[in-house]
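Asks: Residue numbers (my numbering), protein chains in the order written: chain A, 1 to 166; chain B, 1 to 101; chain C, 1 to 385.
No lab work stands behind these hints: they were computed from the structure.
Keep in mind that this is a model prediction, so the values were computed, not measured.
For glycine and all other residues, C-beta sits at the position ideal for the given N, C-alpha and C.
Be aware that one or more of the hints could be misleading.
Stated by the list, open to error - Beyond 10 Å from chain C on every Cβ pair, some chain A residues (computed):
#, residue
1, L9
2, L25
3, Q52
4, A65
5, W118
6, V121
7, L145
8, I151
9, V155
Unchecked claim - To give an idea of the chain A side of the interface with chain C (calculated C-beta under 10 Å), a few residues:
#, residue
10, N27
11, V56
12, L76
13, N78
14, T127
15, R129
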Amino acid sequence: MTELVLFWLFAVVAVAGGIGMLLNLRNTVASALCLVLTMLALACLFVLLLAQFVGVIQVMVYAGAIIVLFLFVIMLLNMERDTLGAETYPVVKVLAAIFTVAVGIKLATVVATLRTPWAEVDEAFGTTREFGQALFTDYVLPFELASILLIAGIVGAIVLAKQRLE
Amino acid sequence: MSVPIFYYQALAAVLFALGVLGVLTRRNVIVIFMSIELMLNAANLSLVAFSRLWGSIDGQVFVFMVMVVAAVEVAVGLAIVISLVRNRDTVNIEDTSLLRW
Amino acid sequence: MDPVLVGKAVFIFLVTVGLFGPVMTWIERKQSALMQDRVGANRADILGLRVIGLFHPIADAIKMLTKEDTVPTGAHRVLHALCPFIAATPALISFAVIPYGGTYTAFGREFNLCVADLDYGVLYIFAIGSVATYGSILAGWAGNNNWGILGSLRASAQMISYEVALGVSVIGMFMICGSVRLTDIGLVQQETFRLFGFLEHFGWIAPGTGWVDAITLPMWGILLQPLAFFIFLGAIMAENKRPPFDLPEAESELVAGYFTEYSGMKFGLYLLGEWTEVVVIAGLVTALFLGGWAIPWVSDVALIGFLSGLVGSDWGNLLAMLVHVGVFLVKLVFMIFFQMILRWSLPRFRYDQVMNLGWKIMLPLSLANILLTGLAMLVVQEVTS
Numbered sequence: 001m002t003e004l005v006l007f008w009l010f011a012v013v014a015v016a017g018g019i020g021m022l023l024n025l026r027n028t029v030a031s032a033l034c035l036v037l038t039m040l041a042l043a044c045l046f047v048l049l050l051a052q053f054v055g056v057i058q059v060m061v062y063a064g065a066i067i068v069l070f071l072f073v074i075m076l077l078n079m080e081r082d083t084l085g086a087e088t089y090p091v092v093k094v095l096a097a098i099f100t101v102a103v104g105i106k107l108a109t110v111v112a113t114l115r116t117p118w119a120e121v122d123e124a125f126g127t128t129r130e131f132g133q134a135l136f137t138d139y140v141l142p143f144e145l146a147s148i149l150l151i152a153g154i155v156g157a158i159v160l161a162k163q164r165l166e
Numbered sequence: 001m002s003v004p005i006f007y008y009q010a011l012a013a014v015l016f017a018l019g020v021l022g023v024l025t026r027r028n029v030i031v032i033f034m035s036i037e038l039m040l041n042a043a044n045l046s047l048v049a050f051s052r053l054w055g056s057i058d059g060q061v062f063v064f065m066v067m068v069v070a071a072v073e074v075a076v077g078l079a080i081v082i083s084l085v086r087n088r089d090t091v092n093i094e095d096t097s098l099l100r101w
Numbered sequence: 001m002d003p004v005l006v007g008k009a010v011f012i013f014l015v016t017v018g019l020f021g022p023v024m025t026w027i028e029r030k031q032s033a034l035m036q037d038r039v040g041a042n043r044a045d046i047l048g049l050r051v052i053g054l055f056h057p058i059a060d061a062i063k064m065l066t067k068e069d070t071v072p073t074g075a076h077r078v079l080h081a082l083c084p085f086i087a088a089t090p091a092l093i094s095f096a097v098i099p100y101g102g103t104y105t106a107f108g109r110e111f112n113l114c115v116a117d118l119d120y121g122v123l124y125i126f127a128i129g130s131v132a133t134y135g136s137i138l139a140g141w142a143g144n145n146n147w148g149i150l151g152s153l154r155a156s157a158q159m160i161s162y163e164v165a166l167g168v169s170v171i172g173m174f175m176i177c178g179s180v181r182l183t184d185i186g187l188v189q190q191e192t193f194r195l196f197g198f199l200e201h202f203g204w205i206a207p208g209t210g211w212v213d214a215i216t217l218p219m220w221g222i223l224l225q226p227l228a229f230f231i232f233l234g235a236i237m238a239e240n241k242r243p244p245f246d247l248p249e250a251e252s253e254l255v256a257g258y259f260t261e262y263s264g265m266k267f268g269l270y271l272l273g274e275w276t277e278v279v280v281i282a283g284l285v286t287a288l289f290l291g292g293w294a295i296p297w298v299s300d301v302a303l304i305g306f307l308s309g310l311v312g313s314d315w316g317n318l319l320a321m322l323v324h325v326g327v328f329l330v331k332l333v334f335m336i337f338f339q340m341i342l343r344w345s346l347p348r349f350r351y352d353q354v355m356n357l358g359w360k361i362m363l364p365l366s367l368a369n370i371l372l373t374g375l376a377m378l379v380v381q382e383v384t385s
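The shape of chain A in the complex, shown without the other chains (with noise of 0.2 Å):
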């Protein structure tokens, strides 16, 4: 019962930052608040799920780093002023809202079907140990592939933001 209620508490949270971020058109800085909200919101969930370490990375990385890199560099372009708003086109926006009902549409009757009861877990699932021991026994050459990643994209970030030096 209480996972019930705590699953509709998160996820309304969840539900309603997505929101916020699409209908706040005047304001990038506010937007990206509401991402954080559903951010926070969805550790809750994975922790709900006994996804511990996962859901504490999610808030390291998500929370932590990645929504306060938005913020810095719309700060620093003095862009929290989003004089665009949305699209103009009404045919695109009629567009757009057939599509994505279309695709929540295909998604919920795929997860509609599924019956499946949950797997008896013990309570090592999801520590740091035992997501560890995935990580770097069978997953260890994803995991040194992901670092090769992480360092061509602090290059390439380098590369492409640093002003010339004349």
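Assemble the complex: chain A is given as a structure, and chains B and C must be docked to it using the hints.
Replies: Chains B and C only, in chain A's frame:
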């Protein structure tokens, strides 16, 4: 576990749809980026829920990889936005048609 | 609700906010006076009673609470009101995972002195700390002040940069302890190692030589990971944005940085958050590197056994608990005082120096520390097996 699995999947679907809507209707590059992050997060929720469903840790490792990709994407993407603003003084996605000239 | 859990939470809250929070303002003034050869705060008095300036925190609190709360025109009202709370709350809740004592059995129940003994202990503090960034980033922007925005930009860049070195520097400690749970790390640090034991393992001297067995050191983080200790301390002080890393609020350049537009208790919340964070930092450094609640060379089991022999099992456990809390508080106060000394000793860095220190010195050194720790662990494993 009193919450059925499809609740989680339905929530993931809703968040994903919101992200799609954001990418399609907003014109600010930064907001479009945020919408992509929202879609990635919806996928993450789905993966974590399935990982719990089958009682295997693999889904969580995938989420970890998704986060790495998201971090790299944001770093490079925002660097592109910065150079875009420096060169063209705009964050409107419709003004970035240089290659289509 | 479990009364023991409530008791632990209340104790921690009283120690961090009730005791150290106000006393810190006094210590900071008195210590700066000491270091600058002044008399220091001693004017506040109640009926002529001054008690070496101990009434100043009370006077400060009354002043903060009764001051006019100004909100500048053009400010984002909601965020402006919300930011001080975002900044202060993380500091208040992060002490929950820091253990201030071991595990005891008294009057038929077992309990440990840690409010929330989480499996991802240290990571919880890092995650909470990264949320605290918003309190400083948004404050400057919400106040609609140019000094504020400059301070916010500096704060966000500095905090993101040092989070990297902070996280990487403690990995060596995690490798040795095999856990990120702070109570596990505390338990490992109770053990001792023989400083010259390697001579025996290499076969250079005969096993059982008396002086080799006699010279032991506790397995404290500061002895096993000295480099990590200094990097961690530097990085976490930069996270707290106190001098010498106080560029986001540099009063000689940016008025007050990101909290320029705050007055009254909202301003007070920023100060409260900063001082509580000093206590949390001291607690975290103690738990990770200074052995936590451990007395050097005396393990929990030995102490509890000794005291139980004197006054019986139940009271022996409780007495040991008191001793351990006392030891933890002594280390905590020492670390707080150490931070204060640094705060009044070092001049403020230049901005490029802060960035260079974080990215070009601390990060490579902490990565090298992981490599060295791994190699050392392999060698130890080879030799002792």
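Asks: Checked against the structure, which of the hints given earlier come out wrong?
Replies: Numbers 3 and 4 - these are the hints that the structure violates, sorted from lowest upward.
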